[in-house]
Structure formats: structure tokens, C-alpha cells
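Top line first, the protein sequences correspond to chains A and B.
According to the working numbering, the first sequence is numbered sequentially starting from 1.
According to the working numbering, the second sequence is numbered sequentially starting from 292.
Among the clues, some could well be false.
Within a straight-line C-alpha distance of at most 25 Å, the following computed DMTMM-like cross-link-like pairs (lysine to aspartate or glutamate) qualify [what the hints assert, rightly or not]:
#, chain 1, residue 1, chain 2, residue 2
1, B, 300, B, 516
2, B, 561, A, 239
3, A, 278, B, 547
4, B, 507, A, 147
5, B, 561, A, 75
6, B, 561, A, 286
7, B, 362, B, 424
8, A, 265, A, 239
Since the hints were made in silico from the structure, they are not lab data.
The residues making up each chain are set out below.
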Amino acid sequence: MPREPIIIFDHFTYSYPTTPNALVDIDLKIHRGEVLGVIGPNGAGKSTFCKSLNGLVPHFYGGTVKGRVLVDGKDTLEMTPAELSLKVGLVFQEPESQLSGLSLTVEDEVGFGLSMLGFPSELIRERAREALEKVGLKGFEKRSPFELSGGEQQRLAIATVLAMKPEVMVLDEPVALLDPIGKYEVLSTVIELASEGSTIVIAEHEIEEIAYFANRILALNEGRIVSLDDAKKVLAEVEKLKSLGVDPPSVAELSYMLERELGVKIGEYPITLPEALKIYGELVRERWERK
Amino acid sequence: MGEKIIEVKDVWFKYSEEVTALRGVSLEIEEGELIALIGQNGSGKTTLAKNLNGLLKPTKGDVIVKGMNTKNTPTHIITNIVGYVFQNPAHQIFTKTVYEEVAYGPRNQGLSEDEVKERVRMALEMVGLTGYEETHPYDLNYGQMKLLMIASIIAMQPEVYVLDEPTSGQDHRGRRELIRLIRKLNDEGKTIIVITHDMRFVAETSERTILMANGKVIGDGPTREILSNVDLLKQTAIKPPQIVQLFHGLREYGVEVNALTIQEAFNAFKDILS
């Protein structure tokens, strides 16, 4: 993985006008091409973290800031929202918060951001076509955004962000309100983008799902960093995660219980199903052989 | 398990000529059951649930609640027996304080102000919102709002609770709180029907699971049976909990246990490794 940082949090502390210390002393780098998963209980600062990546915090919310967030070397405080929107795209939890509500067709919705920035219509059409294809909504161009299913709407929201070709894609609990099919559609799209080398930051409670594609995990609690490391390391910190009220992947928690209660030697805990099948399958086979 | 409390007999429901949401649903619910109702959006779960409490009446077929046909019984009598907690707090919450929100139902039931006060106290205590009486509902966090919605139904003391997506938008701690609350209500003998997409929640909570697709019930039985029926779930694109998938895969290694939860998985390994 390339190690060039695209985003730098430099001892960043932020208070909303009404809520102090939403983020406290956040100091980290996000590298080009990496997928960073952000986990933690509600109120831990996940959304604030996401919003400080594209300057919504503090540009839109006000409040007070200590330290800096640098995007591609520039302080977000010194960048305009328009400039930032081409660098960092943010997808919200509710697709309805994302969609402009002004477009009659899916195609217009995808081009909305670019047309607001005055891009030529040829380029907008081309970008819209590419973005819709990428999220699997080719053929939906003329439909109304409001007759789409939840999963389709959320993929449209992702397309509106993709059309801007941002360098970093930030998703704030993108599947929290979707049904299983919608979750699957949206996560598959995210995985596809990740495999193409996009830089992605995704806040999520669906930890068993992000275990499949996050390179690193940032765990937040009360606005502070509690863990920041390879996904495999952080998701195996069963006791620590549970103390935050966060459930680790079931297969990792099982390893923890087997090790602690029965003294079974597991080694590195599995965090995904295929890893778990290998480890537990081996465990069972060995035992049958000895019996 | 007790008396039959709700009977659904070959119920069809049409929103319009073109949109048929239920296509011949039949089932029986007994007093004290804890049931999960699962299926994709558009499968008919919410329409069925709204038929159970008389908010909707079947286009064809009958829903019998405690011996009363919802078609010819005043809706408020049915809704006093079957309480419905909506998915989206914004669809249910409409007053300026937590107290008023919870007091609305029992007041409507014609109780005296003293009785109302007692009901509110009891309901807030049950969900852990004591002390928030004067708070504006929209100043609560999302998880607390969900609890407030349940409290306002508890205050009406229905015998059956229908909870629509109680875990959506909740974090894991919020989900555990909900599981605790639902079990507590169930232990008190209340019948509970939870509409949900959260399969881990289903595995850890419900005894019986009803699976819907295209307006029909395509699976109805003990949760272990339904969630372990990987082929049936695949038909409806529902992913079973990770532990269920793990034990499905372990069959290849000769493990013949259908574990649903981490605790059950642990117990299974304890047996195998001993």
C-alpha cells in the first residue's frame, strides 16, 4: 500500500457550539489507497470525525477548533467548501439527507454537485454515466430518485459523490437504515471501490462486514482515539471493544472465550468467516484425529 | 404457553388494485410468545403487523384478536390490546416533553390524572428514562427516543407489543438494552412481535421466527430451525448470523450442531474439545 498521507489530523480538538469536546486530540494520518474503518458507540465522535474530513466541521457547524486537519497538504479551515467537495466526498446515513430533492431524474441528481460548481454539461453527463455504472444504476438515468428502494437511493448518493471524483470517499454508517438486500448492494459497491484503490473512510456498526475490507480500524470513545491499528489487531481486542459497548465479530469473541475459559490456543483471532472456518475447522479435525 | 391471542386467517391485503401486500397469510399467535417477523422491505411484514392491531383491515380473510374480529370491532379496542411501536420516532413523537408523550396514551384511555402519573412513572422506569420527564423528546439521543416510544406504549398496558425495527440506528449497547427490555416485558407475560432485519438480535432473543416474502409466509417455526435453514434464507437474500454460518460450514468437518449464539457456539466447542 502506498504510504503517502492524503489526510493529516494534527492534534485536532473540536467543540460544537453546544457540545464540548466532540473530538479530543485526534492525531493520525490517512494514506492514499487505504480503507479506514471507524467504530465506536453512538456519541463517540464517529460522525464528527467524518464531517471534519470534508470541512463541514467546522465550516457549517461553527464551534471551536484546536489543531488542524490537512487535506492534501492544505488546512481545511483555509479551503472553501467547493474546493473541499472536490477532494473529499461525504455519504450520509440517510440517503434523503444527501439527495438534493430538486432533481427529477437520477441523472440530474448525479450531476447536481458538478452543475452547482459550473462544470460544462458534456463533462457532467460523462461523469454521471461513469458514476452510475460504477454503483450499478445504469439504466436508472430517467427514473425519479424518490421511487428508488433504500439500497438504490444510497447507491445513488454514492454516485453523486463519485461524480465529483473526490480523492477521499467518506461514508457515515451508510447501511444502518437499509434492509439486508440494500446493505448487500451498498457494501458490495464500497468493496468494489476499495478494490480499485480508492481511499475510503467508513464509519459503521456492522463490524462483521467491514472486517472484510478495512485495512485499518480507528476505534473512538468520548471523542478520543482508543485504538488505531491494522483491522486484524483492533477487531481482536475483544475485551477492550466490549468495554466500549462495541461487539467484535462473533467469530473473534468466540476465540476469546475459548482461550480464556478453556485455555484453547488460537493464536491470531479470526475476524471474518473464512478465517474462522479455517481455524475452527482445523481445531475440530485435530481433535477428531486424536480421539 | 397460553391461550390463542391472535388468529390470522387467510388474510389478503390490497393497498390498491395494483398493489397487493398480503397474499393469503395464516398464522396463530399464543399469549406470551416472543416472535421475530423477518423478510426484505416490501415483503409484507409491516402490512401484516398493522393488520394485527386493526390499523389496517384485511381486504379478504379475518384477523381475530382475543375472539374479536378486527373488521367489526372498534379500532381503539383492538389498539388497546395490541400496541404498535413505529420504526421512525418522528412518526410517533409529537409532544413537547417526555412526560406528556408517555401520558398521552393512558389519558386517552380515560384514566384519572393520578393513574396516568403512575403509568408514566412505571413506564419510564421500565425503559430506564426516569429523570427525563421534563426533557424535550427531540433532545434525547436516537436510542433514548426509541425507548421513549416503547414507554409510551407500555403506559397503555397492552397485552401484545408489535415493535417495528427497534434496533435500526442503534449501537450495540442500545441493542443490548433493547434485548433486556423485551425479555423483561416477555417475562411479565406480554406477547411480543418484533419486525427486524437484525439477525443477530433474532438469534439472541426470539423463540419463534416468521419469514415473509412477496406477501406470503414462507417459513414459520422455532428460530433455530428457520435461521439454520440456509437454503430458505438464501431464497430471500437474508444472511444468517455469523455463528450460524460458521456452524453450517463446520458440518464439513463433522460438527452436527446448529448453534445460534456465541454462547451456544462456545458450549458446542466445549463438548467437542473435552
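Hint check:
1. Among the hinted pairs, residue 300 of chain B with residue 516 of chain B is consistent with the structure: their alpha-carbon atoms are about 24 Å apart, no more than 25 Å.
2. Distance hint between residue 561 of chain B and residue 239 of chain A is fulfilled; the C-alpha atoms sit about 21 Å from each other, no more than 25 Å.
3. Restraint check for residue 278 of chain A and residue 547 of chain B: the C-alpha separation of about 17 Å stays at or below 25 Å, so the hint holds.
4. With a CA separation close to 23 Å, the supplied pair residue 507 of chain B and residue 147 of chain A stays within the 25 Å bound.
5. Straight-line distance between C-alpha atoms of residue 561 of chain B and residue 75 of chain A comes to about 55 Å, which puts the hinted pair past the 25 Å bound.
6. Distance check on the hinted pair: residue 561 of chain B and residue 286 of chain A sit about 14 Å apart at the alpha-carbon level, within 25 Å; holds.
7. Of the pairs offered as hints, the one joining residue 362 of chain B and residue 424 of chain B is violated, with about 37 Å between alpha carbons and a cut-off of 25 Å exceeded.
8. Straight-line distance between C-alpha atoms of residue 265 of chain A and residue 239 of chain A comes to about 17 Å, which keeps the hinted pair within the 25 Å bound.
In this structure, the hints that do not hold are numbers 5, 7, in rising order.
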